[in-house]
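Could you put the whole structure together from the sequences, leaning on the hints where they help?
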Amino acid sequence: MILPYIFLCCVFHLVSAQLRVGFYNSTCPQAETIVRQAVQNQFNSDRSITAALLRMHFHDCFVRGCDASILIKSTKSKQSERNAGPNQTVRGFELIDKIKKSIETLCPSTVSCADIITLATRDAVAIAGGPSYAIPTGRRDGLVSNAADVNLPGPSFTVPQALQSFTNKGLSLNDMVTLLGAHTVGVAHCNFFQNRLSPVPDNTMDPSLAAQLLKTCSKSTATTFLDQNTSFTVDNQFFRQIMLQKGILKIDQELTLDNSSASIVSGFASNENTFRQSFSNAMIKMASIDILVGRAGEIRKNCGVFNPPNQKGHKVF
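Residue numbers (the working numbering): 402 to 718.
Rather than coming from a laboratory, the hints here were simulated on the basis of the structure. Given the structure is predicted, the values throughout are model-derived calculations rather than measurements. Check the hints yourself; a few may be wrong.
[What the hints assert, rightly or not] Have a look at the derived ranges for each label pair, beta carbon to beta carbon:
| id | residue 1 | residue 2 | range |
| --- | --- | --- | --- |
| 1 | Thr-675 | Leu-615 | 29 to 37 Å |
| 2 | Lys-616 | Gln-678 | 35 to 43 Å |
| 3 | Ala-697 | Gly-571 | 32 to 40 Å |
[Claimed, not checked] Under the rule of at most 16 Å between Cα atoms (straight-line distance), these lysine to aspartate or glutamate pairs were calculated in the EDC-like manner:
| id | residue 1 | residue 2 |
| --- | --- | --- |
| 4 | Lys-647 | Asp-691 |
| 5 | Lys-502 | Asp-550 |
| 6 | Lys-647 | Asp-603 |
| 7 | Lys-651 | Asp-691 |
| 8 | Lys-570 | Glu-673 |
By construction, the Cβ of each residue, glycine as well, lies at the ideal position given by its N, Cα and C atoms.
Below is the structure:
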């Protein structure tokens with residue numbers, strides 16, 4: 402039983418080692434600046450872009466790895482990940498396309514869409530008051546995108562159910578609790594938590610919050626912030642609120658109720674620096690899930706479509 406584990410770990414570190422901070426320094430030195438400026442401009446007019454990019458990045462990495470397969474548009478004959486049920490409300494595609502177009506003008510077939518998502522998410526977190534962290538780049542774009550492959554942890558999962566999804570990706574319990582902390586800037590549609598409000602109220606939710614949400618959810622298309630306090634700031638307020646029974650989604654509140662995760666939650670709630678460091682580490686780790694490097698995959702010219710068969714972008718640096 403030990404040998405397969407060691408083998409998998411070695412493969413993970415071998416692949417991760419092929420990424421490096423500043424991968425495009427010589428081939429496209431303006432790339433990270435272009436990404437950062439575009440995200441800043443978007444944030445200036447729409448602070449919800451941080452949540453949108455975090456969600457896109459998570460949904461991409463948890464299906465076939467961080468390979469930008471979520472960006473591929475469906476065709477008449479085939480449904481891509483982008484149109485799978487859990488991805489129907491994913492946003493930010495236009496921003497990624499805009500960044501890609503700017504970079505392609507300066508550095509054709511050089512910077513992957515997978516790296517653009519990763520960098521844009523990193524920058525959005527920092528701009529929203531979260532930690533700044535150096536993220537290795539060098540990912541390649543995937544060649545497969547199937548709606549049927551999308552199988553993500555749901556909002557009503559228990560901690561053990563959700564943890565199984567994370568451990569399948571090589572992530573730990575601490576990583577899971579940390580990454581769910583991204584809900585500090587998230588929103589949820591009422592249908593994802595309506596069953597906690599009626600017909601029988603969930604007694605693990607603060608009654609005043611439940612009453613407020615019942616009014617909010619009287620509108621069929623309503624949404625609510627998962628962090629009712631600092632809704633556009635990446636901080637530890639989410640953890641403080643779920644400790645007060647103010648978790649919106651079942652999985653969020655479950656983090657405080659399950660013995661395995663409760664102490665992690667209280668640690669993050671009481672020490673923001675601990676959360677910030679853990680969040681940086683978990684984001685870097687997630688961004689290395691099942692990545693394509695070297696001659697694998699391609700560098701797409703257009704993030705929404707695969708390159709033509711004779712232009713697969715097998716460019717190696």
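Cross-check of the supplied hints:
Checked against the hint of 29 to 37 Å, the C-beta distance between Thr-675 and Leu-615 comes to roughly 35 Å, which is consistent with it. Taking 35 to 43 Å as the suggested C-beta distance range, the pair Lys-616 and Gln-678 conforms, at roughly 38 Å. Separated by about 18 Å at the C-beta atoms, Ala-697 and Gly-571 break the suggested range of 32 to 40 Å. Annotation: proposed proximity of Lys-647 to Asp-691 is violated, straight-line Cα distance about 35 Å (limit 16 Å).
Of the supplied pair hints, the one linking Lys-502 and Asp-550 is violated, its CA atoms being roughly 28 Å apart against a limit of 16 Å. As the CA atoms of Lys-647 and Asp-603 are separated by approximately 11 Å, the hinted pair is consistent with the 16 Å bound. Straight-line distance between C-alpha atoms of Lys-651 and Asp-691 comes to about 29 Å, which puts the hinted pair past the 16 Å bound. A threshold of 16 Å between alpha carbons decides the hint, and for Lys-570 with Glu-673 the separation of about 26 Å lies outside it, so the pair is violated.
Of the numbered hints stated above, those contradicted by the structure are hints 3, 4, 5, 7 and 8, listed in ascending order.
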